[in-house]
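Asker: Each chain, written out:
Protein chains: 2
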Amino acid sequence: MNLIKKNITKVKQSATLVINEKSKQLIADGKKVYSFGFGQSPFPVPEKIVSVLKDNAHKKEYLPMQGLEELREAVSKYLFSQTGVNYSKENILITPGSKEAMLLMHVAFNGDILLPTSSWVSYEPQANIAKNKTHWIKTKRENNWFPTADELEKKIKMKIKNKNIILILNSPNNPSGSVCKNLKQLAKIAKKNKILVLSDEIYTDLTFNGSYDSISKYYPEGTLISGGLSKWCGAGGWRLGFIAVPDKLKKFLKSLKTLASESYSTVNTPLQYAAVEAYSGDYENYKNKTRKILEGVGNYAYNNLKSNKILLTPPEGAFYLMPEFLGTKFKNSNHLCEKILEDTGVALLPGSDFGFEPKKMIARLSYTDFDGENFLNSLEDNGNLTDGMVEKFAPNVVEGIKKLSNWAKKI
Amino acid sequence: MNLIKKNITKVKQSATLVINEKSKQLIADGKKVYSFGFGQSPFPVPEKIVSVLKDNAHKKEYLPMQGLEELREAVSKYLFSQTGVNYSKENILITPGSKEAMLLMHVAFNGDILLPTSSWVSYEPQANIAKNKTHWIKTKRENNWFPTADELEKKIKMKIKNKNIILILNSPNNPSGSVCKNLKQLAKIAKKNKILVLSDEIYTDLTFNGSYDSISKYYPEGTLISGGLSKWCGAGGWRLGFIAVPDKLKKFLKSLKTLASESYSTVNTPLQYAAVEAYSGDYENYKNKTRKILEGVGNYAYNNLKSNKILLTPPEGAFYLMPEFLGTKFKNSNHLCEKILEDTGVALLPGSDFGFEPKKMIARLSYTDFDGENFLNSLEDNGNLTDGMVEKFAPNVVEGIKKLSNWAKKI
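Chains as they are written, first to last, in our numbering: chain A, 1 to 411; chain B, 1 to 411.
Hints were generated in silico from the structure; no laboratory data involved. Check the hints yourself; a few may be wrong.
Copies of one chain are not kept apart here, so a pair can be met inside one copy or by any two copies together.
Only pairs whose alpha carbons sit at most 27 Å apart, straight line, appear in this in silico DSS-like list of lysine-lysine [stated by the list, open to error]:
(1) Lys250 to Lys10
(2) Lys410 to Lys131
(3) Lys163 to Lys192
(4) Lys10 to Lys163
(5) Lys24 to Lys329
(6) Lys157 to Lys12
(7) Lys331 to Lys403
(8) Lys251 to Lys131
(9) Lys287 to Lys184
(10) Lys133 to Lys254
Use the sequences and the hints to build the structure in full.
Answerer: Structure below.
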């Protein structure tokens with residue numbers, strides 16, 4: 001009798017690991033590697049927030065399982081200020097990263113999961129861990145890699161009538177870097193068909209045009225929101241996330257709370273105090289500047305990559321591009337990425353990890369391989385960002401993009 | 001179609017919550033409450049460890065999913081120094097609290113779970129979340145609330161042949177405060193019947209006689225160890241735990257790592273650096289003194305409670321006693337605790353939460369309702385602890401015990 005449950009054995013390890021291992025090997029061999037694989041904010045956590053963490057370092061009591069009341073209130077106000085929707089502090093659960101919040105959602109949820117292609121690497125394995133069936137909605141480049149209202153409705157009607165459904169939406173999107181423009185139409189379909197939406201808003205503060213759009217604005221009663229400090233606040237390794245649940249899902253929230261109490265118990269105490277500062281303090285200037293830098297670097301990469309060999313959608317948020325390589329054939333996108341890494345030192349992640357068919361020659365590129373602190377300090381408030389600055393402060397990105405572009409030209 | 005999975009709906013909320021709510025209400029009404037319900041270390045985290053946390057507060061990179069290598073190495077050395085068993089750093093997974101480690105174990109494990117009565121509140125609900133069947137082994141006061149070798153073997157043979165089995169052992173025990181004396185014999189039965197053991201060693205550093213006994217010494221190839229900073233280091237709210245897995249379970253460990261990568265990702269970065277200090281620094285003096293205080297307070301409570309109305313086993317570790325009330329009949333131990341709280345202001349937890357039959361008039365008492373920092377600072381190195389000091393530095397415990405004792409006498 002196998003010691004491990006079947007559905008767990010089947011959860012495949014992400015190809016990310018393969019690329020990371022290979023990158024490490026190349027670096028150990030003295031080769032230069034352009035780290036465009038891992039998606040981590042390059043910016044430091046704002047000093048004030050770090051100092052609040054220090055001030056609370058000695059606190060060691062268990063905080064309430066749902067999260068510090070002050071923090072839940074701060075998150076509630078933050079969401080209201082961004083979306084105009086009221087998720088009260090009673091409807092918010094603080095988690096060690098938004099990934100944990102999503103896993104608990106899957107574990108509690110009795111139904112099927114809808115995922116647009118492309119979607120973040122963890123949605124599908126999480127659904128598999130919880131034995132929720134997933135259905136992919138194919139999307140098109142011309143629709144910015146988001147489903148149209150028609151595509152969503154067809155999928156619902158074709159596949160999964162009479163079942164509970166959660167659609168997971170992530171905008172700006174990892175891996176595409178695109179922003180969803182038809183939230184209102186999607187909301188209408190969701191409402192009509194009584195499906196729920198998990199709006200993964202971990203990148204929404206990194207929308208380059210500065211607007212914070214959320215499907216909760218158009219469908220508050222059916223939208224769960226997840227978010228956290230990892231991206232906009234540069235605090236990936238801190239592990240602070242949340243999930244906000246609409247009023248009519250009170251019972252579901254109760255199950256999430258039970259699961260929280262039987263897993264991580266409560267989030268690290270000093271960190272929760274620091275997060276109060278992050279969500280209630282004024283970090284608009286920090287956000288504006290980091291967005292400006294990411295937009296500048298993203299556009300530089302975009303302009304220098306797009307060609308008759310590389311299809312690309314312009315960057316609109318987060319810190320990703322999703323190049324598709326034309327005129328080349330490898331067994332799958334994993335092999336494509338291995339070959340690119342070998343030939344150029346540029347580490348990318350294969351599109352197959354994000355729901356694309358393995359044969360599609362598509363990859364995710366994270367343009368964060370630069371010293372964010374240095375770049376941030378060099379940009380004046382309301383200052384302009386030039387290509388010259390990108391060349392000066394993000395030399396690895398510039399060099400890696402050039403190598404990748406040349407590689408594609410030789411295909 | 002229910003929105004929540006059946007097995008999750010069935011996970012009952014701990015009666016702890018009911019008692020906590022009731023306590024809060026009483027406090028809000030201006031009544032004095034003796035907080036003997038919640039089990040939290042009263043001592044501060046050692047200053048040096050707090051200062052390492054501060055020094056690393058600005059670090060925000062994601063650490064490796066399995067945990068910082070330096071920390072895994074420190075935990076490996078710590079376990080070797082305590083048990084003489086080598087769990088290499090590759091065999092250790094760092095988790096946000098040992099509870100999370102145990103849940104992941106349940107989620108991955110394909111088999112049944114053996115729990116001695118009494119056992120910690122979360123083992124059974126965690127098994128239910130992961131749909132693992134649990135079997136209780138009844139234990140006796142005269143055997144210190146641990147199963148005998150015979151009792152263990154009978155349960156294995158009677159119930160669950162041809163299945164994978166994990167026995168969860170916790171010594172010193174929550175809720176009984178007893179130490180398991182027959183680990184060697186239990187190990188023999190486990191080995192013979194090829195069952196696995198999860199040794200929950202979260203309290204083992206708080207064994208009052210100073211010895212660290214672990215079933216891994218007698219059955220290293222089949223013992224998983226979980227532990228963390230919550231109890232011996234006073235850092236419950238910090239959420240830092242680990243699980244150590246024997247070599248022959250490499251595949252199982254791989255599944256745990258996959259689950260880690262799909263849930264919490266990695267533990268808070270500054271905290272992991274602080275934990276390196278906790279596991280590699282010399283905290284023997286701190287441990288000795290906190291053990292001495294807990295032993296002194298525990299014995300005071302024991303001596304002033306035991307009577308012909310209250311059965312008690314002497315405290316040997318952790319910070320719990322498990323009084324059984326004679327000559328009284330309530331509907332169940334939950335009602336017993338509610339009545340005690342109403343009549344005396346003493347908050348206890350019902351034995352039914354720990355696996356006892358609800359009708360058994362038994363409860364858990366945590367004797368940590370005192371200012372641990374103050375007490376610790378007042379105790380000289382190698383100084384003696386007197387009843388007078390307990391009365392001075394743990395007045396709530398002294399008063400609450402008196403009220404409880406008087407209440408029992410009037411039954």
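Asker: For each hint, tell me whether it holds in the structure or not.
Answerer: To see whether the hints hold, each was checked on the structure:
1. Lys250 to Lys10: Between copies only: 16 Å across chains, 32 Å inside a chain, cut-off 27 Å.
2. Lys410 to Lys131: neither (44 Å within a copy, 54 Å between copies)
3. Lys163 to Lys192: within (14 Å within a copy, 47 Å between copies)
4. Lys10 to Lys163: both (24 Å within a copy, 21 Å between copies)
5. Lys24 to Lys329: This pair counts as within: shortest intra-copy Cα distance 26 Å, inter-copy 66 Å.
6. Lys157 to Lys12: neither (29 Å within a copy, 36 Å between copies)
7. Lys331 to Lys403: Within one copy only: 22 Å inside a chain, 76 Å across chains, cut-off 27 Å.
8. Lys251 to Lys131: both (21 Å within a copy, 21 Å between copies)
9. Lys287 to Lys184: within (26 Å within a copy, 59 Å between copies)
10. Lys133 to Lys254: Both, since 23 Å and 23 Å are each at most 27 Å.
Checked against the numbered hints given earlier, the structure breaks hints 2 and 6 and satisfies all the rest.
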